[in-house]
Structure formats: C-alpha cells, structure tokens
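There are 2 protein chains.
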Amino acid sequence: MLPTLRPDLNEHLYLRDPQGTDLGRRLLAESVRLLDDIGFEAFTFKKLALVLGSTEASLYRYFENKQRLLTYLMSWHWAWLRFRVRVALHNVADPRQRLHHALVAICQASVDDPATPDFDEAALYRVVVAEASKAYLTKDVDANNRVGLFREYKQLVADLVPVVQALNPAYAHSHALVSTLLESARNQYFFAKHLPSLTDPGTDVRAFLEHLALSALAAPASCTPAPAVAS
Amino acid sequence: MLPTLRPDLNEHLYLRDPQGTDLGRRLLAESVRLLDDIGFEAFTFKKLALVLGSTEASLYRYFENKQRLLTYLMSWHWAWLRFRVRVALHNVADPRQRLHHALVAICQASVDDPATPDFDEAALYRVVVAEASKAYLTKDVDANNRVGLFREYKQLVADLVPVVQALNPAYAHSHALVSTLLESARNQYFFAKHLPSLTDPGTDVRAFLEHLALSALAAPASCTPAPAVAS
DNA sequence: TAAAAATGATAGTATTACTTTCAGCGAAAT
DNA sequence: ATTTCGCTGAAAGTAATACTATCATTTTTA
Chain A
48 MLPTLRPDLN EHLYLRDPQG TDLGRRLLAE SVRLLDDIGF EAFTFKKLAL VLGSTEASLY
108 RYFENKQRLL TYLMSWHWAW LRFRVRVALH NVADPRQRLH HALVAICQAS VDDPATPDFD
168 EAALYRVVVA EASKAYLTKD VDANNRVGLF REYKQLVADL VPVVQALNPA YAHSHALVST
228 LLESARNQYF FAKHLPSLTD PGTDVRAFLE HLALSALAAP ASCTPAPAVA S
Chain B
48 MLPTLRPDLN EHLYLRDPQG TDLGRRLLAE SVRLLDDIGF EAFTFKKLAL VLGSTEASLY
108 RYFENKQRLL TYLMSWHWAW LRFRVRVALH NVADPRQRLH HALVAICQAS VDDPATPDFD
168 EAALYRVVVA EASKAYLTKD VDANNRVGLF REYKQLVADL VPVVQALNPA YAHSHALVST
228 LLESARNQYF FAKHLPSLTD PGTDVRAFLE HLALSALAAP ASCTPAPAVA S
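One line per chain: the protein sequences are A and B, in this order. Residue 190 in my numbering sits at position 143 of the first sequence, with consecutive numbering throughout. Residue 73 in my numbering sits at position 26 of the second sequence, with consecutive numbering throughout.
Hints were generated in silico from the structure; no laboratory data involved. Please read these numbers as outputs of a predicted model, since none were measured by experiment. Be aware that one or more of the hints could be misleading.
Identical chains share a label here; the pair holds if one copy fits it or two copies do between them.
Restricting the straight-line Cα-Cα distance to at most 27 Å, the calculated cross-link-like pairs of lysine-lysine (DSSO-like) are [said to hold, decoys possible]:
#: 1; residue 1: K93; residue 2: K240
#: 2; residue 1: K93; residue 2: K201
#: 3; residue 1: K186; residue 2: K113
#: 4; residue 1: K94; residue 2: K201
#: 5; residue 1: K113; residue 2: K201
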C-alpha cells in the first residue's frame, strides 16, 4: 500500500477509493511495480489482475481506465512532494535556505522510506520520471482539469511560488520558473539515464536547478534586458 | 507534403521513405492534421487511411507503427529547428545576440510558412508541444536511441551548446541548460493553453527563457554557491 | 514494353479496453 | 440467526486496435 501519508485526492480520480480496501491497496502497490517494469503503454488491467491474482472486472471497479490510475499515482506523488517540501521548510526562515531545502526535497524524491516495506518508492519515482507528463499531455486535459484532476500538481506549484517570490518579489515569472524546475528535474534524471548527451556528465540535478533559480532570481540588471541591436 | 527543407532523417525511422512517393507525402501531411485533431492516443493508421482514401496495409508499408511515425515527425521538426537556428545565427557575432536569435527561432517555431500551403506548420507545432516527449518517454528509448532515432534532437542540442558556452565557457551545465530551454519552451506553451496556473499570465516564453539563460550564464559568484548553513 | 515497384482489396489474428451478468462470501446490522 | 450489504470472482461478450498476409491491379521506370 501507499505509505503513511494519506492525502485526500480528488474523488474524480477513482470510481471506488483504492485506499479503502485490501485489493485497492494492493492494486496501487503492484501497479507501480508493473508500470516500472513494462511502461505505461504496455500496461493493462488484465496483466495487473494476473499479478494480483484478481480479475480485470474487479480492477475496473476502482479506476475507469489506466489513464486515471496513472493520474492518481502521480497525484499521490505530488501530494507527497508537497508534504516533504512543507516538512523541509518548517522552521527555515532564510529565503535562500528555503529554496535550497525545497529543491533538495524535490530532487531526493527517489529515496526509499524504510517504514513502508511493501511500497517501492524508488520504483514510483522512476514511474514519475518516465510517465508523469502522460497524465496531462492528452486531448482531455481540459476536461480533466475542470474536474480537478491536476489539483495536486497545481497546489505543489502554488506552494513553491512563494518560496521563489521571497527571493525576489519583483520577479515576473515565478510560476513559470517553478514549473520549469519541477519538469526539468524529471527530464534531467531521464536524460542522464537514457539520453546522456542531453545533460552534462555527472550533473547534480539539484545543484543545476538551484543555480538556475538563484541566478534568475538574483536578476542583476545586466542579465535582464534583451539586446538592443537590430534583428 | 513537408516543406522545402528535406533533411536526411535516420533510415530506421521508416520502412519506406515517405518523402519519396505521393502517398507518403500525403501520409505525412494528413497525419499532422489528424494528430492535431484527435491526439496520439486516439490516432490509428486505419483512421488515417480513411481520410487519405487509402488502406491500413498501404500505410504500414511506410511506418512500422504510429510511434515511429511520431518520432519521424518530431525528428523532422527538430531538423527544421536546427535549420532555422542556423539561418538565424548566420552572420551574428555577438554571443548575447546569438542566444537571443536562437531563442527567437526556437519559440517562433509555430509561425506558418506561406510557401507550403498544403502543410500546416502551426498544426505541427501544436503536435510537437503536446506529443514530442512521447517520442522518447517509452520503454524502448534505449533501443531506439542506439539505432539513432533521436539523432536530430541530440544534434539540435549539440548545435545550441556552443551558443550558450560562448557566453560563459566555464558554465558547467550547458547541455542541461539547453535541453531545459527546449523542453521548457514546449511545456510553457502547453501550460499557457491548458494549465494556466503553471505559468504566469501573459508570459512571453522567449523573454522568460532568455532571462533564465542569460542570468544562469552571467553566474555572479553570489548566485553560485549553495548555502553553508546546516541542513 | 517488360520488369519492378507501389497500391488496393480482402481477410485474418491476437490483444486491448472495456461492459455485463450473476453467483458466492464475509462482515455488519436487525 | 438471518437478512442484507459490499466486495470479489468467474465467465462471457463486444468493438476497436495493432498489426500481418496474400494476391490482383495499377503505376513507374528502365
């Protein structure tokens, strides 16, 4: 099952609350493993039912389809990240420290929590890295967004915006910066593993992102203006 | 058909060169329209055959599957971007100007070329924004990468790295920065349209990215170090 | 004009993505 | 103690997807 934290995820994500039953919890845990194994495209409820010793029909009682299940899993991850960030920032006052700790929380999302033996957090993070964007890069983003399916991601961004704003209240792109940091974190991990020429060897993703954010927010006048020469 | 530019895309992308025949060229043009219409998940060769007045079997002679077709289309886009960047940077010497023009080329990828009436470039860019990452976020990235399917994207990054390096030869993350700029450009367009709370209202993506890159590369010492306080 | 290449027509297979119905079982309420 | 409820499993079915194969016909080209 999913670890200790049990956020109230949007009820449109599921048909029946998977956290409420044994089968539901095993569904969640095993789906992460299976997604990690074979990827979202090859993943089916039939295969999942097989490893669970259950049936397709039973699983369809929890989730309308695998897309919703994916979005559920990603939402859970985002909720968990929010929690981690909140804890990491607790009692840290210095704005620069706050950014630092937030980025540590975001980038160390893959570390396994030994308190949850039957839930593979490292596998979830691999699934997040490889599949998260498929949760919203679909033709029904707008419909899904309308019913709140991306609430957790948007909340995570909303939580981080003040962290960034604190360093430079005049910065005009704090939402864009935050979403770029989150998306880039995933991408750079993926690239490092699979398309290394799209990153730099031995890159510390957190250090890269922290430098990026701090320098953007330091915003010395010399960085800001677009060049004035003719096009 | 695809516009004037005819790059030599990796031959593993297709079974039969679609640029070499009339049906092949119509396949490419219509697939963009159909992908834009219904999205990658709902897209099938059967539906495409229908709008082409052709048959499934005929289309499967060009592409092994829709994944390869998508990667072909994205590769064509990346090759075209490379070309646009090259043209934009021609005879521009000032490093800051070069970055500026490169980003203009990248961010204005959606403008339609009136020279190619039967090819909808705006539609291709929408498809790129929504679907490009699905070309590599799969379980067979590594196999596909090995046979060169992502050559164009990697080349685009490789072309842009010197542009960035010229502004700061000591910068340690130029590959990560370039790939972040490219990925972020797509993401921010998508967010602006579908998940606006993940960007800032009225954001000029190019201006955002240019400020981000310039400030990261300006790298005053005050931005660089991680904070020294206890964790 | 003959050979080669490309296309269309037809058909077929395995799998996917579901839905439906019904029966059985354990826990909770009466 | 039994009814009832919620959940699961079993079985079957459907439409669509993702292909592959064969063969006749048309188009290109040498």
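- [ ] Check each numbered hint against the structure and report the violated ones by number, ascending.
- [x] Hints 1, 2, 4 not satisfied by this model.
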